[in-house]
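Note that this note's numbering has the sequence shown beginning at 6, numbered continuously upward.
Because the hints were derived from the structure by calculation, they are not lab data. Note that the coordinates shown come from a computational prediction; the quantities given were computed from them, not determined experimentally. Hints are supplied without guarantee of correctness; some may be wrong.
To be verified - Simulated pairs of lysine-lysine, DSSO-like, Cα-Cα distance not exceeding 30 Å:
1. K185 - K77
2. K32 - K148
3. K148 - K77
4. K148 - K185
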Amino acid sequence: MPYEEVFLRLAISVIVGGAIGYEREYKNRPAGFRTHILVSLGATVIALIQVNINEEMIRRVILNPALTNILKADYARLSAQVISGIGFLGAGTIIHHKGSIKGLTTAATLWVVACIGLAVGYGFYLISIAALIFTQLVLISLKRFQTKIFHASEHIKLEVEFIKRSKGIEFIDQYFDIHKIHVLSMEFHTTEEEPVKKT
Numbered sequence: 006m007p008y009e010e011v012f013l014r015l016a017i018s019v020i021v022g023g024a025i026g027y028e029r030e031y032k033n034r035p036a037g038f039r040t041h042i043l044v045s046l047g048a049t050v051i052a053l054i055q056v057n058i059n060e061e062m063i064r065r066v067i068l069n070p071a072l073t074n075i076l077k078a079d080y081a082r083l084s085a086q087v088i089s090g091i092g093f094l095g096a097g098t099i100i101h102h103k104g105s106i107k108g109l110t111t112a113a114t115l116w117v118v119a120c121i122g123l124a125v126g127y128g129f130y131l132i133s134i135a136a137l138i139f140t141q142l143v144l145i146s147l148k149r150f151q152t153k154i155f156h157a158s159e160h161i162k163l164e165v166e167f168i169k170r171s172k173g174i175e176f177i178d179q180y181f182d183i184h185k186i187h188v189l190s191m192e193f194h195t196t197e198e199e200p201v202k203k204t
């Protein structure tokens, strides 16, 4: 493969990873601009290595036809390792805290960036550009669409401690009414010192 083609694919890989990573960085997500560039670049390097291995094997078979049934190349071997290996990096962006899971979209973008990086490395430019466009549409446009169409309700558990029960309950009820907060259930627990907990 000509050096110009190698540098072109690496440059496209950086642009693709940066374009997707910028959106994640802008939203202050765990894996941002540089991480996505490196994932895309790494996947492209693996693809380029695989391409060069296959080209070298073809060259050797042409020079020595006796090696036809001896030398074999698997195009998917290295690529499969990239796809499975990126799962460990993606898992690091997923945070489970108090019943809430965050980072799934970022983990998915890392996986997509790796796939696009492989496509760039193999020279599938149309697939790479189309995938980049659709990924950006999903991350930017569909987010706005989702916010308008799907009104996902958030359930939050609160624990409030106060001294005087009657005044405390009255204050909390007024606060909920003002802020349009719908209470699903309440529990009261009285301690020895008489503070009351409302959950």
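These are the hints, each one checked on the structure:
no.	hint	verdict
1	K185 - K77	violated (67 Å)
2	K32 - K148	holds (12 Å)
3	K148 - K77	violated (46 Å)
4	K148 - K185	holds (24 Å)
Checked against the numbered hints listed earlier, the structure breaks hints 1, 3; every other hint is satisfied.
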